[in-house]
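J.: These protein sequences, in sequence, are chains A and B. Heads up: the first sequence begins at 16 in our numbering, then just goes up one per residue. Heads up: the second sequence begins at 16 in our numbering, then just goes up one per residue.
Please note: incorrect hints may appear among the correct ones.
Unchecked claim - Pairs of lysine-lysine, DSSO-like flavour, derived with a Cα cap of 30 Å: (1) A:K518 to B:K259; (2) A:K547 to B:K74; (3) B:K518 to B:K547; (4) B:K518 to B:K595; (5) A:K547 to B:K259; (6) A:K518 to B:K74.
These aren't lab readings, by the way, just hints derived from the structure by calculation.
There are 2 protein chains.
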Amino acid sequence: MSIDVTDDQALRCFLEGAGIGVPVARFRVLLARAAASPRSYPEDAWMRVFVSEPSEDTKTALRALRAGMATTRPAPDPSRLDALREALAAAGVDGFILPRADEHQGEYIPSFANRLAWLTGFTGSAGVIAVLRDRAALFIDGRYTLQADQQVDTERWERHHVIRTPPSGWIAEHLGGGTLGFDPKLHAIGAANRLRAAIEATGGRLVPLDPNPIDQIWADRPGAPLGPIEGLSTVTTGLSASDKRARIAAAIADAGAAATVLNQAESIAWLLNIRGQDTPYTPLPLAYAIVDSTGAVELFVDPEKLDDRVRAALGNQVSIRPFEEIRPAMTDLGAAGRTVLLDPDTATEWMRMSLEGAGATVIEAEDPCILPRALKNAVEISGIRAAHVRDAAAIVRFLRWVDETAPTGRVTEMGAAEALERFRSEGALWRGPSFPTISGSGPNGAIVHYRVTEHSDRPLGTGELYLVDSGAQYVDGTTDITRTVAIGTPSSEMMERFTLVLKGHIAVATVRFPVGTTGGQLDALARQFLWKAGLDFDHGTGHGVGSFLGVHEGPQRISGTSRVPIQPGMLLSNEPGYYKSGGYGIRIENLILAVEAEPLEDSGRPMIGFETVTFAPIDRRLIVPFMLTEEEIAWLDAYHAAVRSNVSPGLAPSERDWLVEATAPIRG
Amino acid sequence: MSIDVTDDQALRCFLEGAGIGVPVARFRVLLARAAASPRSYPEDAWMRVFVSEPSEDTKTALRALRAGMATTRPAPDPSRLDALREALAAAGVDGFILPRADEHQGEYIPSFANRLAWLTGFTGSAGVIAVLRDRAALFIDGRYTLQADQQVDTERWERHHVIRTPPSGWIAEHLGGGTLGFDPKLHAIGAANRLRAAIEATGGRLVPLDPNPIDQIWADRPGAPLGPIEGLSTVTTGLSASDKRARIAAAIADAGAAATVLNQAESIAWLLNIRGQDTPYTPLPLAYAIVDSTGAVELFVDPEKLDDRVRAALGNQVSIRPFEEIRPAMTDLGAAGRTVLLDPDTATEWMRMSLEGAGATVIEAEDPCILPRALKNAVEISGIRAAHVRDAAAIVRFLRWVDETAPTGRVTEMGAAEALERFRSEGALWRGPSFPTISGSGPNGAIVHYRVTEHSDRPLGTGELYLVDSGAQYVDGTTDITRTVAIGTPSSEMMERFTLVLKGHIAVATVRFPVGTTGGQLDALARQFLWKAGLDFDHGTGHGVGSFLGVHEGPQRISGTSRVPIQPGMLLSNEPGYYKSGGYGIRIENLILAVEAEPLEDSGRPMIGFETVTFAPIDRRLIVPFMLTEEEIAWLDAYHAAVRSNVSPGLAPSERDWLVEATAPIRG
């Protein structure tokens, strides 16, 4: 059955038969938005915004209709920059600054919000542009230098390193005393303040532009995504949304505020025990929320995304309002003279302006959801463990597959990444990758944030290392694991450096430390052995991880600059590495859960240790045993024994045999 | 020859004969100040303020005259607190806060500046008091709890832990909305701001009092110290004062200021290549200085302290003005509308008020002397090495003496400390201890800042550990070393914990790290082994050390909260420990010098390592060899070999034999 989406009569007939109660014209709009949404998990989940339980025929028809909406969008051409300059002139400003971030300030953004990519062609995950009358620049970090050169029109765009040449300095220098437009929806309050100070210091002025001038010229802009929202049960969240609301309400009151406005979908999703499908890799709905000090919540979201079950689960203390009403709602808070808490690192300058402009008093403080979200409860911890054991079965199958097929020379980076996703997709509760898989062989493994393309794809060659960093979203937990595998016989240098990385990994895995110790204090433990050999790695040792939420979630980190104490219940990655440019990359990453340890013998001060929750073999062929201490060998052998006992039950006999071999003790 | 100091005629005759050109009455005043000054090094150095090259007869007479001035001062009685309350009422304030610090904000203060001890009897090195109409409190840290209970009148003084019950909170609670007097000369700008904010938050008001009300009631106050000032040659400083002045002048200009006012004697002494004798343990003159952006300096100091040679060495760009003229000089800076740099952590609120009140603009920034002072130059480094080798000979003699005499049971903590000072005093360029020696046996070793008194003194008992932490000032360097020694046979627990401390010490001694790494990142390396055993120590791993200056000198530290990058040329202590309350204490302390290491192999980024400059045996009888890795044993054996080769040349044959035994390799 194939339906012509332009045929009103046929479409009306299909909608009626399928029980989809929207008019034809509206259906077309929504279908276009569904087509512009990220891939959904399970595959047909996106249909829920049209019908709760579609028949197989309806599914087939909807799939075909959606596929028909997919369009190839043209690459940027110089006319876009010209049009932007005209729009800026019309707005009476001398320049414009645009970050990649969207109004929710999350890590992954839907394509309709990627103004920077539309304008410049640059698709990296971080960047800022500045457009002045006679020059334009893209500011990126070290990992995107090459990609930016390939993707943007280098005649029209200067490329600068965002740390060495910060945008604010470059702008201040070239803007003179002019006016710089910015979209206050896209800049956090603190960042906007710093930008304003820098511009004003050289006699310039920062001017908010609403609407965003790019939105005015972006003719073929995709629709906003239309991911269905699902409610999570306390069976996976461990804490009801009403308990969470009560706790956050108390924190708001303690801060002396009457309410807080949330724009970060991670906080809203955690607080209300809901997940969405509007962003790739993280199951988030695009939404705003106003939480007041009684625990009542107004959720601003497209109503199509919620079905009756989710509405019922949210309860009568959570009112659903259309997404666009966040602005009048903030005006109302202001008119009532409310004191409103905003997090200067996540709430946007637009929120601050809207509230203060309407008469509200803004208190700046950390989003009260951040710390409770980071401290996983007992149910979340059970889910984390269970999700990791299932994930491990897929990883073990994948590693065995690599072992058996890579020596043929016909496995490529892209093929391997696809195989890994296939193995994972067979597991229960799988909801897709938690970030773009890094699948790098040989020299590509040395590119820390490598993302394989058809252009860069290469086989897993003999005598090379293959580095694969991947993760998954499961309803009960988010995973993130890196393994480095020898294809054929590794060099002794590769083995020595792998062993140094492993020693650092073990040092973090086995550390115990008193309450109050920060991630900044632990970071050197992972590097000490590399440092002694004159080596290092140019990224943090670990990042926080959410529960069926962002794979990068604060506030905890293991990084030299972190001042956040590690507390029991925090989930982190432990991922030291080593990268030889043009040669090979090594990274060994497990997730670790901070847990209470025996208190200090003398003072009784509580101590904290880590429980490793990731279970997959660490390639024994890359280890130089005599470089390890007895304790390190004991840890490795015990870890491998745990891998065997946890993962074997989910494996076929032949897979078990491979695992027994891969996890054999160093000291038998 | 004994002269009666009250006999005008005899005194006049002596002064004439000795060539001391001051009138009799003035001589008596100066002599009283000399008597109230700290012990001078060399012993008769204090006489230089009277005569440059005294004959032996003159020396004998001056010694006797000074001894005759020594007075025993009565202990505090309640009348002092009563008198203070009357003075406060007369000044119209409801309370008063007084820190132990003096107007130069240094670590050690002369007795005439110790208002807190005079009022309360408390002689600890850190404390704050608050006196209100009906209650008074002393705020101290954990190391002084017992001592405060013993020294102060507990009926009249509450004692509080300064962290758990901060003075500002206690005052705000009990002062209500009243007025709190403070002496702005004794509070740094930043501290005064925080205090003011806390008091004003509860409706109170902070009122500067000048003069200090205690100075008004302190009848038998000792005179200000009268230590002679000496000039240092570039043979030990490595950099002429004019080069230093040029460098600091440039930093002042770069900061947009016309001048800076210095009150910290450490900065003034470093900048002008002078040392004084006004403070115990650190060779400092009490002085102020105004440094302007041309490099000219006005030095405010008692002119008696300077002889012609020092004046000549200071040169015509340094003008000497009486100490008291610092105030009119600041008024002049203000009247001229100057912009003046002040360090909010070291300059006092009185300086800020005096400058701003007179019309100056104050820029707050770090004292520009701090970082250059911390980065020791090649000549200073040579001096550090040489001073440590000489110090090591004294330490080795002392350790041998302990080994041979302690088993008799007749060596006490006090006797040992005296013996150690005797050994040191025989060495060249010795200028006294760099801090009060910590000489603790058995349970006293577990008291981190233990200072032996006649009351606490106990023998070095068999089966106990003896901990001795001491240091010396030499003209070419400042030392600080801790050794823990087994008297008789140690328990296996003592040995295991000593070995854990040693492993942490070696981890710091051998670490290499990239430029930019902070002391906060390195601290955990020293603790990791203790932590794993459920143990820790409650102090930082290391502090900065000056060059013939303060034994505690910033900005560098190895401590979890330090955010200062370690740079080549910085001198630090490496002193992990373990303290079993009521049992024993362990600390192993060497000084380490940050030095350039081989750069990172891949990026060429500079790396830094440490060179250990302290040379003394680490007690092999306390080491459990199988707890050490091969690398750790290799470090220890190499360290002991270096001790032998560096120290043996300065020892007698029998001492050498002892040293050979004490430094024998673990792996022969």
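J.: Enumerate the violated hints, using their earlier numbering and listing them in ascending order.
T.: 1, 2, 5 and 6
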